[in-house]
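Line by line, the protein sequences are chains V and C.
Quick note: the first sequence uses the working numbering, first residue 1, plus one each step.
Quick note: the second sequence uses the working numbering, first residue 281, plus one each step.
It is worth saying that the hints were derived from the structure and are not from the lab.
Treat the hints with care, as some may be off.
Below, computed lysine-lysine pairings styled on PhoX-like, alpha-carbon distance capped at 25 Å [claimed, not checked]:
id: 1; chain 1: V; residue 1: Lys108; chain 2: V; residue 2: Lys167
id: 2; chain 1: V; residue 1: Lys152; chain 2: C; residue 2: Lys339
id: 3; chain 1: V; residue 1: Lys152; chain 2: V; residue 2: Lys192
id: 4; chain 1: V; residue 1: Lys36; chain 2: V; residue 2: Lys238
id: 5; chain 1: V; residue 1: Lys115; chain 2: V; residue 2: Lys68
id: 6; chain 1: V; residue 1: Lys84; chain 2: V; residue 2: Lys68
id: 7; chain 1: V; residue 1: Lys36; chain 2: V; residue 2: Lys9
id: 8; chain 1: C; residue 1: Lys339; chain 2: C; residue 2: Lys327
id: 9; chain 1: V; residue 1: Lys68; chain 2: C; residue 2: Lys327
id: 10; chain 1: V; residue 1: Lys9; chain 2: V; residue 2: Lys108
id: 11; chain 1: V; residue 1: Lys9; chain 2: V; residue 2: Lys194
id: 12; chain 1: V; residue 1: Lys167; chain 2: V; residue 2: Lys192
id: 13; chain 1: C; residue 1: Lys397; chain 2: V; residue 2: Lys192
id: 14; chain 1: V; residue 1: Lys108; chain 2: V; residue 2: Lys84
id: 15; chain 1: V; residue 1: Lys108; chain 2: C; residue 2: Lys397
id: 16; chain 1: V; residue 1: Lys68; chain 2: V; residue 2: Lys9
id: 17; chain 1: V; residue 1: Lys167; chain 2: C; residue 2: Lys339
id: 18; chain 1: V; residue 1: Lys152; chain 2: C; residue 2: Lys327
id: 19; chain 1: V; residue 1: Lys68; chain 2: C; residue 2: Lys310
id: 20; chain 1: V; residue 1: Lys85; chain 2: V; residue 2: Lys167
id: 21; chain 1: V; residue 1: Lys85; chain 2: V; residue 2: Lys108
id: 22; chain 1: V; residue 1: Lys192; chain 2: V; residue 2: Lys84
id: 23; chain 1: V; residue 1: Lys167; chain 2: V; residue 2: Lys152
id: 24; chain 1: V; residue 1: Lys115; chain 2: V; residue 2: Lys152
id: 25; chain 1: C; residue 1: Lys304; chain 2: V; residue 2: Lys9
id: 26; chain 1: C; residue 1: Lys304; chain 2: V; residue 2: Lys194
id: 27; chain 1: V; residue 1: Lys36; chain 2: V; residue 2: Lys84
Between beta-carbon pairs, the in silico distance windows are [claimed, not checked]:
id: 28; chain 1: C; residue 1: Tyr373; chain 2: V; residue 2: Ser113; range: 46 to 52 Å
id: 29; chain 1: V; residue 1: Ser113; chain 2: C; residue 2: Ala383; range: 42 to 48 Å
id: 30; chain 1: C; residue 1: Ile286; chain 2: V; residue 2: Cys262; range: 28 to 34 Å
id: 31; chain 1: V; residue 1: Arg12; chain 2: C; residue 2: Ala354; range: 53 to 59 Å
id: 32; chain 1: C; residue 1: Leu434; chain 2: V; residue 2: Phe16; range: 40 to 46 Å
What you are looking at is a predicted structure, and each value in this text was computed from that prediction instead of being measured.
Think of the CB as a built atom: it goes at the ideal place given N, C-alpha and C, for glycine as much as any other residue.
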Amino acid sequence: MSFAERMLKIDRRIIFVVIGLCTLLPLLYPVGLPIKISQEVRGVYDHIESLPERSVILLSLDFDPASKPELYPQAVAILRHAFKKNLRVVAMTLWVSGTGMADELLTKVANESGKQRGTDFVFLGWSPGGTAVIINMGQDLYNAFPSDYGGKPTRGQPVLEGVNSLKDVIYAVSLGAGNPGVEAWYVFGKDKYKFELGGGCTGVMAPGLYPLLRSGQINGLIGGLRGAAEYESLIGQKGRAVAGMDAQSATHVAIIALVGLCNIFYFSLRRQARQQGSQP
Amino acid sequence: MDATIIGAWVATGLTLFIFSFLYKDNPLFKLAENLYVGVSVGYTIVKTYDTVIVHLIWKPIVENQEWTLLIPVAIGLLMLTRYVPKAAWLSRYAFAFIVGVGAGLAIPRTVSSFILKQIEDTIRPLLMLVPGEGVTFSWNLMNPASSVNVIIVLIGVSSVLFYFFFSVEHSGPGKMVARTGVMFLMIAFGAAFGYTVMARMSLLIGRLTDLIEYSDPSYGRPTLWLTLVTIGTLIVLSRRSRSEPPDSH
Numbered sequence: 001m002s003f004a005e006r007m008l009k010i011d012r013r014i015i016f017v018v019i020g021l022c023t024l025l026p027l028l029y030p031v032g033l034p035i036k037i038s039q040e041v042r043g044v045y046d047h048i049e050s051l052p053e054r055s056v057i058l059l060s061l062d063f064d065p066a067s068k069p070e071l072y073p074q075a076v077a078i079l080r081h082a083f084k085k086n087l088r089v090v091a092m093t094l095w096v097s098g099t100g101m102a103d104e105l106l107t108k109v110a111n112e113s114g115k116q117r118g119t120d121f122v123f124l125g126w127s128p129g130g131t132a133v134i135i136n137m138g139q140d141l142y143n144a145f146p147s148d149y150g151g152k153p154t155r156g157q158p159v160l161e162g163v164n165s166l167k168d169v170i171y172a173v174s175l176g177a178g179n180p181g182v183e184a185w186y187v188f189g190k191d192k193y194k195f196e197l198g199g200g201c202t203g204v205m206a207p208g209l210y211p212l213l214r215s216g217q218i219n220g221l222i223g224g225l226r227g228a229a230e231y232e233s234l235i236g237q238k239g240r241a242v243a244g245m246d247a248q249s250a251t252h253v254a255i256i257a258l259v260g261l262c263n264i265f266y267f268s269l270r271r272q273a274r275q276q277g278s279q280p
Numbered sequence: 281m282d283a284t285i286i287g288a289w290v291a292t293g294l295t296l297f298i299f300s301f302l303y304k305d306n307p308l309f310k311l312a313e314n315l316y317v318g319v320s321v322g323y324t325i326v327k328t329y330d331t332v333i334v335h336l337i338w339k340p341i342v343e344n345q346e347w348t349l350l351i352p353v354a355i356g357l358l359m360l361t362r363y364v365p366k367a368a369w370l371s372r373y374a375f376a377f378i379v380g381v382g383a384g385l386a387i388p389r390t391v392s393s394f395i396l397k398q399i400e401d402t403i404r405p406l407l408m409l410v411p412g413e414g415v416t417f418s419w420n421l422m423n424p425a426s427s428v429n430v431i432i433v434l435i436g437v438s439s440v441l442f443y444f445f446f447s448v449e450h451s452g453p454g455k456m457v458a459r460t461g462v463m464f465l466m467i468a469f470g471a472a473f474g475y476t477v478m479a480r481m482s483l484l485i486g487r488l489t490d491l492i493e494y495s496d497p498s499y500g501r502p503t504l505w506l507t508l509v510t511i512g513t514l515i516v517l518s519r520r521s522r523s524e525p526p527d528s529h
């Protein structure tokens with residue numbers, strides 16, 4: 001068996017160990033590779049930055065713990081930015097399995113920023129219906145969410161003063177891990193009720209959302225952990241996403257190297273087979 | 281014991297049990313996998329019951345006398361007639377209502393958002409009239425709206441659409457157009473795969489970050505102890521499977 005054949009039949013567990021080490025070592029010994037800010041992430045940041053104090057932004061945390069490593073840091077960064085700008089945050093989720101995590105996240109960042117529930121932010125929780133909830137909120141927010149996550153009536157809460165429906169929301173950001181998510185918020189929300197919309201998503205979903213970004217249907221897109229790291233850099237509060245960027249780069253280099261090597265071995269084997277086939 | 285510490289031990293243990301699948305399928309992985317499915321379903325059922333039945337149906341009807349809510353409740357209950365063969369036909373009314381409302385809401389909005397808006401964005405003018413400069417052609421590849429990118433999008437969309445046009449044989453000039461379409465498709469698949477790799481690595485980074493955090497003495501070093509337990513269990517299971525006689529069936 002030639003070297004190339006042995007390499008192509010290598011135990012997959014060796015590759016797992018290589019990838020594991022490429023991830024673990026930069027996490028233990030960070031290098032601090034520079035992070036370049038993309039236009040799509042800057043789109044969300046600039047819009048929030050331009051909002052006047054006490055404006056209402058809606059943050060829809062449309063993900064569950066399975067997508068936590070990518071979308072949780074995005075949510076933390078956006079909330080920190082919104083609270084720093086003294087905006088009123090109306091948070092909710094379209095994913096029932098993400099309600100507990102979303103409440104924990106919101107409470108944690110609000111406590112860290114010294115914000116009051118009911119005055120500076122509210123967590124509406126989850127309501128059944130998927131995309132129909134967005135339409136319902138567009139007609140009457142209090143009908144879609146008569147009470148918040150803690151069971152307190154939403155009507156009369158200072159944070160929702162002057163907000164009756166989605167038409168009164170200045171900016172909405174959906175951090176989505178699937179459907180319903182960013183696309184649903186565009187189709188049933190922005191397109192109908194005409195508020196500005198930004199998006200955040202997992203890396204897997206990002207290529208599918210670029211057409212919406214290019215056509216201006218969303219004004220910014222935070223894609224995966226990389227996007228979260230960019231947002232953390234923009235607000236100047238580096239967190240888990242920035243810490244993971246060295247590991248991300250190292251694993252990408254390892255994967256590129258493995259793909260390159262596999263192709264070299266494959267083509268060398270094919271050449272060998274052709275040469276053997278041409279011999280009488 | 282503090283709930284945070286218990287949570288750290290549970291999270292670490294389940295993460296390591298799931299990672300043990302990378303070595304080979306084993307009972308620890310099965311335990312974690314089944315727990316994940318069970319907890320997810322249980323959580324969803326409880327949250328749905330609390331939100332829908334208690335807060336959106338029971339309390340408004342009983343406490344606020346909102347009797348109109350009985351109409352959607354009745355339509356919803358018709359769904360359950362599927363379990364009674366003689367009355368199963370009644371569920372068709374509920375399904376008809378849901379399909380009708382769903383289609384009515386979704387079709388116009390989807391056509392407007394994903395077809396008309398995207399066509400509008402695809403057909404952009406090649407040349408721009410800038411006041412004072414006259415007609416200009418922008419070569420900036422980094423600007424998505426530049427003239428050169430408009431041409432690339434036009435070539436990409438036309439060639440990919442032609443590739444999926446099977447009524448004409450892809451030969452001669454048509455073959456070249458179809459091949460161009462394939463190249464655009466490959467670039468799109470490559471970008472999607474690249475993002476997928478990035479996403480999967482992000483998930484690994486997330487778990488490893490937690491494992492590093494939980495290796496701290498303030499949590500009782502669950503990462504260290506549970507790694508030893510997992511490796512030990514895998515060794516025992518491996519030895520046991522070797523010593524067992526092969527299945528006679």
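Verification of the hints:
1. Lys108(V) <-> Lys167(V): violated (29 Å)
2. Lys152(V) <-> Lys339(C): Roughly 13 Å separates the two Cα atoms, so the pair holds.
3. Lys152(V) <-> Lys192(V): violated (29 Å)
4. Lys36(V) <-> Lys238(V): The hint holds at about 14 Å.
5. Lys115(V) <-> Lys68(V): holds (23 Å)
6. Lys84(V) <-> Lys68(V): Cα-Cα ~23 Å, so holds.
7. Lys36(V) <-> Lys9(V): Roughly 38 Å separates the two Cα atoms, so the pair is violated.
8. Lys339(C) <-> Lys327(C): Status holds; Cα separation ~16 Å.
9. Lys68(V) <-> Lys327(C): holds (19 Å)
10. Lys9(V) <-> Lys108(V): violated (48 Å)
11. Lys9(V) <-> Lys194(V): violated (56 Å)
12. Lys167(V) <-> Lys192(V): holds (9 Å)
13. Lys397(C) <-> Lys192(V): holds (13 Å)
14. Lys108(V) <-> Lys84(V): OK: Lys108(V) and Lys84(V) at ~14 Å, within 25 Å.
15. Lys108(V) <-> Lys397(C): violated (39 Å)
16. Lys68(V) <-> Lys9(V): Between Lys68(V) and Lys9(V) the Cα gap is close to 35 Å, so the pair fails against 25 Å, i.e. violated.
17. Lys167(V) <-> Lys339(C): It is violated: about 29 Å lies between the C-alpha atoms, which goes past 25 Å.
18. Lys152(V) <-> Lys327(C): The given pair, whose Cα atoms are some 17 Å apart, holds under the 25 Å limit.
19. Lys68(V) <-> Lys310(C): holds (22 Å)
20. Lys85(V) <-> Lys167(V): Since the Cα atoms of Lys85(V) and Lys167(V) sit roughly 21 Å apart, the hinted pair holds (cutoff 25 Å).
21. Lys85(V) <-> Lys108(V): holds (17 Å)
22. Lys192(V) <-> Lys84(V): violated (30 Å)
23. Lys167(V) <-> Lys152(V): Between Lys167(V) and Lys152(V) the Cα gap is close to 23 Å, so the pair holds against 25 Å.
24. Lys115(V) <-> Lys152(V): holds (18 Å)
25. Lys304(C) <-> Lys9(V): With a Cα-Cα distance of about 17 Å, the restraint between Lys304(C) and Lys9(V) holds, given a limit of 25 Å.
26. Lys304(C) <-> Lys194(V): violated (52 Å)
27. Lys36(V) <-> Lys84(V): holds (23 Å)
28. Tyr373(C) <-> Ser113(V): 46 to 52 Å: With a Cβ separation near 50 Å, Tyr373(C) and Ser113(V) satisfy 46 to 52 Å, so the hint holds.
29. Ser113(V) <-> Ala383(C): 42 to 48 Å: holds (44 Å)
30. Ile286(C) <-> Cys262(V): 28 to 34 Å: violated (44 Å)
31. Arg12(V) <-> Ala354(C): 53 to 59 Å: Because 56 Å falls inside the window, the suggested range holds.
32. Leu434(C) <-> Phe16(V): 40 to 46 Å: holds (44 Å)
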